[in-house]
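One letter stands for each residue in the lines below.
There are 4 protein chains.
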Amino acid sequence: MSVQDLRIGVIGVGMMGADHAERVVNRVAGARLVAVADPDTARADQLAASFDGVRSIGDPLALVADPEVDAVIIASPGFVHEEQVLACLEHGKYALCEKPLTMDSESSLRLVEAEAKGGRPLVQVGFMRRFDPEYAQLKAMLDSGQFGRTLLLHNTHRNATVPDTFRSEMIVRDSLVHEVDVARFVFGEEIVEITVLAGTPTGVAAEGVLDPQVSLFRMAGGGLVTSEVFVNCRVGYEVRCEAVAERGTVVAGQNSTGIYSTVADERGGYWGGQVPPDFRVRFARAYDLEVQAWVDASRRGEVVGPTSWDGYAATAVCTAGMESLATGLPVKVDLADRATVLGGAAR
Amino acid sequence: MSVQDLRIGVIGVGMMGADHAERVVNRVAGARLVAVADPDTARADQLAASFDGVRSIGDPLALVADPEVDAVIIASPGFVHEEQVLACLEHGKYALCEKPLTMDSESSLRLVEAEAKGGRPLVQVGFMRRFDPEYAQLKAMLDSGQFGRTLLLHNTHRNATVPDTFRSEMIVRDSLVHEVDVARFVFGEEIVEITVLAGTPTGVAAEGVLDPQVSLFRMAGGGLVTSEVFVNCRVGYEVRCEAVAERGTVVAGQNSTGIYSTVADERGGYWGGQVPPDFRVRFARAYDLEVQAWVDASRRGEVVGPTSWDGYAATAVCTAGMESLATGLPVKVDLADRATVLGGAAR
Amino acid sequence: MSVQDLRIGVIGVGMMGADHAERVVNRVAGARLVAVADPDTARADQLAASFDGVRSIGDPLALVADPEVDAVIIASPGFVHEEQVLACLEHGKYALCEKPLTMDSESSLRLVEAEAKGGRPLVQVGFMRRFDPEYAQLKAMLDSGQFGRTLLLHNTHRNATVPDTFRSEMIVRDSLVHEVDVARFVFGEEIVEITVLAGTPTGVAAEGVLDPQVSLFRMAGGGLVTSEVFVNCRVGYEVRCEAVAERGTVVAGQNSTGIYSTVADERGGYWGGQVPPDFRVRFARAYDLEVQAWVDASRRGEVVGPTSWDGYAATAVCTAGMESLATGLPVKVDLADRATVLGGAAR
Amino acid sequence: MSVQDLRIGVIGVGMMGADHAERVVNRVAGARLVAVADPDTARADQLAASFDGVRSIGDPLALVADPEVDAVIIASPGFVHEEQVLACLEHGKYALCEKPLTMDSESSLRLVEAEAKGGRPLVQVGFMRRFDPEYAQLKAMLDSGQFGRTLLLHNTHRNATVPDTFRSEMIVRDSLVHEVDVARFVFGEEIVEITVLAGTPTGVAAEGVLDPQVSLFRMAGGGLVTSEVFVNCRVGYEVRCEAVAERGTVVAGQNSTGIYSTVADERGGYWGGQVPPDFRVRFARAYDLEVQAWVDASRRGEVVGPTSWDGYAATAVCTAGMESLATGLPVKVDLADRATVLGGAAR
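Protein chains in written order, with our numbering: chain A, 13 to 359; chain B, 13 to 359; chain C, 13 to 359; chain D, 13 to 359.
For reference, chain A alone in the conformation it holds in the complex:
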């Protein structure tokens, strides 16, 4: 057999990592799960045992170094991403790193520089929305030129609920970061300024958490982006994006999709459908397509999808956003010069 399956290791066996492991085994072509690694070895052992022929490795860095592993999915907590991605770069392994790339923009920039120095692209960041068929189609429609120049973007990002440990700043760094990537993806430009505002918070969330938040981005080319992030909205996972261009608009993620029913309760009769309960349901297809595309590209020796630069830029915008949330004022985004950093490796 001339083309070998890509042998994959997964670091981190929490919800996201276990999900990816199951995806590789059950729904991805051309790949083989060979190892999982987690400091919580009991949990890693248990996950490995649920599949055939998958090893559990205690040390994530050992997994990266393992000669039987061709490529690594990094689904560990963000604060250990830096060393794990660096290890991948060192061993020449393809890495699909969940967002955020790292916890602050300095460390993210170091990764970009390390990869550029290696001269060979190896890192993809897990901004899965780019693989969602609706977001991809929105982008394609705007890029077709039929709508003229894109002027505005309105994002809605709602979660039914989050743990009490999910604090105000995390709404920027872990939730809004997706809208940051979407804005950069749709406009194909950097964000130069961000304002994050909070009004009276919902009473149906942990005390002291500023939720919902409304933010405004200014794009390098003059476009404006509004985003609502509301992580305790109680209803479900609603993620929507409306692009406004000179000659029309495009909407992805409108709720009124898919199957619907009519039913009656004691108050009357209703038509409608279910709001997805969480991101795994809403973006199930996007995750499948993301991992398949990553596997396919890795086997061809390429990287597609969001790069380490995208990961770095998103982190830089969120850093500015967290500052704005504290002050209520617009904050300029501090971003390295791309051409300088990437040099000949600029993609």
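Heads up, a few of these hints could be off.
Which copy is meant is left open, so a pair is good if it fits within one copy or across any two.
Said to hold, decoys possible - Straight-line distance between alpha carbons at most 25 angstroms, and here's what the computed SDA-like set of lysine to any residue pairs gives:
#1 344 / 211
#2 344 / 230
#3 344 / 228
#4 129 / 104
#5 344 / 209
#6 344 / 122
#7 344 / 222
#8 129 / 34
What the hints contain is simulated information worked out from the structure, not anything from laboratory work.
Assemble chains B, C and D onto chain A, guided by the hints.
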């Protein structure tokens, strides 16, 4: 003042009649409610007293004859329509007669003939859907020619619930009659054959009532029409029409309209909106437009909207439909020759 | 007849005034159009002649003073509103004044004070959206308490096109003013701060006009409101409002409403419907309901709907908004103390 | 490695077979495409060469017999299905056979009997709609019991266009067959009677083809099913199903789904989205899920999804349907006794 308001009398003070009386007083221009009549004089007195300057007249035929009454809304039970419409013809009063025109096609035909003999159109039948903005637009779009020839029509007609006295045949005569008129209106042709079928009835209705029913019309020009009528659907009042033409389709009354919300209950989060509880809500605007158009036409000395012939033809189709419901077989519609009946008065 | 029709005069015979005149004649119960007035007497004569028994009066103030006129619809340009409304107050005539109430907040405040001094409410301002069935239902649903506290409001306001004379500031004063009123209506609170931002303008509009604009309101109670106003969007008139509350959301004006069709062109097959071409189509029903409610209330000796205070407050917010548009910074709204101004007349 | 990939051969390299081959290679986990077979060996060679390590085998029956092939996808024309499925049964190979199972009910029944005799289920028929997430969810919602008993089903099945060789009977056998399977799937019952009616045909299709067609099924339990099949509708591929139950309805495949846009052309502004151009787009996900489920089941030694009995029953209904199309009358479905045929193998 050169143009006088149209002085209107309403016969029948049940739900429909009271509704029309209130409409004339509160939402119609160029008209004045002057009298109401009902054998139940107490109820008529009460309704009259709720307005200024409205008389209660015991005898409906006296109302018709009253010199202060220019035009009559007939909202009495169907079995007294014949004599009341005849009285209007005799006294030269404009009549807006609720459907059905009469209870059988012979008596309806007699009214058509009497009006034709008088040489002056005076009767409009209360098929209000023709005045619903969506049905009117559907008709206009199909008539524009852009879709080519209309081939099929699919109707849905659901009521939340009906009284236990509403039996299987009434589903044809009082409910399906609207789809009969819609089919004739949209195609601009007569119905030549009707089949009415019942499957296993819902268990959530009166014992022995064949509900829902599915019917099929063949149009004179070869078009086919399917209709579901389900009068105990529990959910609400859903009335929808999909026209299928050679180069596209047009849908009126789709549920997913208007305001909607997202909410959560113990089972999850939902998006959607309310199904109208009954026909008065769903067709509120259609009734207003119907009565306003009737008032305007009457003041100009004209009749617009469904005519006595439309009322007769609908009754003839329903008569055949009730026969089909009993036998399960297609039944040809027995219709007089229009040109012969209407003679020079054919409109 | 114990209750007389309300005798109405219309000032201003431009598009809006002619529309209202036609509405009073053809679709409103209990009212009679008796006079129209416009400095352009030829145009006023022409409009008057198109109806029976309607006089054309050259001087708008003479119309107000005319003893045959009970109530006045003011549809003249904004800069003459002050003296016309004052004349109504002086002669004790009910006035329905199109927005804006006046061109600046000082003059609006003078009207509020004059009316309060008269001790009798006479003025309604033409914020018709409050009468749109969807906006009214949105308000009612939020007020029902089932959704908890309202936290955010997102408005969309798009016109297909405007004349080249419609400049950047007018987008605030003449367009955004509707969102200002909607925000005050939905929250039942004043707006305390406004930011109006413009990005790169569309290339498909008059040179130098800052269009689209994105604005942010802070409500007195801590709610946040975003509004997009885009008056050269090319597509049509789209007006939408999404309220976000603690336990759900409510959306009014979603595009995907009403009749729709499927058709094919050379690029493929599409489903969808028409975006209303302009506000007269979109808010036809709202205008009818607004004027009918005003007539009904006037006949009862009351004022319902938006008051002169609502007109003043909206003007004050827009004044701050135009300042913000120039500076790009948040501007506090300078508003008189309501209780002081209205005194015992506070409603 | 303890679990081997399923080694798959594909028979027939037309549009459907090539599609399946590409699917197995690129989007299915746990499978390996090893061979393709087609009498048109040049075309088979070309397809094989586009993948790594795939052989082209001239004789389909040789492919079935090949020891390196574990399972076979049969995408050849219907008239050779019988011998190819029989070969699979003989060699104990799992088969996913595209619909129709065979061209007439006698031969389909022979396959059911042969498989039953073998005592081991091996055959799945390619009714992919059962794997479409919306159809699957509709089924699950109805089966949950919350809606009460299912009473009616309304199907819509439209293709933009078909080749001129696609004649009236093929609309029943190749198109309506999907609605036949959907009705049996949703109700979990056999169809006992079918009527297929044609009205005036569209003028935008091949001369003499009776298109569109409206059909009516009576289910064994008394339910009624209407289906529109219109294979030259010009617009696109619209497949929809509305189930009507005692306490509500469920709709799958409603057009108004997914991404949408607003745009203007010379006639006005529109909102809406694209109708899928063909079944490969509309059911892309369903085909992926179907083949993945078949691979997974085959590796476990099971058959899931539509069985040979389902294929036989659908053929029997379509045979009756073609007779009805010719006569215009209801035709009873002639079906073998399931328990007798399947004996102990009844699933």
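Going through the hints against the structure:
Taking the shortest alpha-carbon separations for residue 344 and residue 211, both the intra-copy value of 22 angstroms and the inter-copy value of 16 angstroms come in at or below 25 angstroms. Taking the shortest Cα distances, residue 344 and residue 230 sit within 25 angstroms of each other both inside one copy (9 angstroms) and across copies (23 angstroms). Taking the closest pair of Cα atoms, residue 344 and residue 228 come within 25 angstroms of each other both inside a single copy (12 angstroms) and across two copies (19 angstroms). Taking CA atoms no more than 25 angstroms apart as the test, residue 129 paired with residue 104 passes inside one copy only; the shortest distance there is 12 angstroms, against 56 angstroms between copies.
Taking identical chains as interchangeable, the C-alpha atoms of residue 344 and residue 209 lie at most 25 angstroms apart whether they share a chain (15 angstroms) or sit on different chains (16 angstroms). Proximity of residue 344 to residue 122 under the C-alpha cut-off of 25 angstroms is restricted to the intra-copy arrangement: shortest distance 21 angstroms within a copy versus 43 angstroms between copies. When the C-alpha separation of residue 344 and residue 222 is checked against a cutoff of 25 angstroms, the pair qualifies both within a copy, at 22 angstroms, and between copies, at 22 angstroms. Neither within a single protomer nor between protomers do residue 129 and residue 34 lie at most 25 angstroms apart by alpha-carbon distance, with minima of 34 angstroms and 37 angstroms respectively.
In this structure, only the earlier hint numbered 8 is contradicted, and the remaining ones agree with it.
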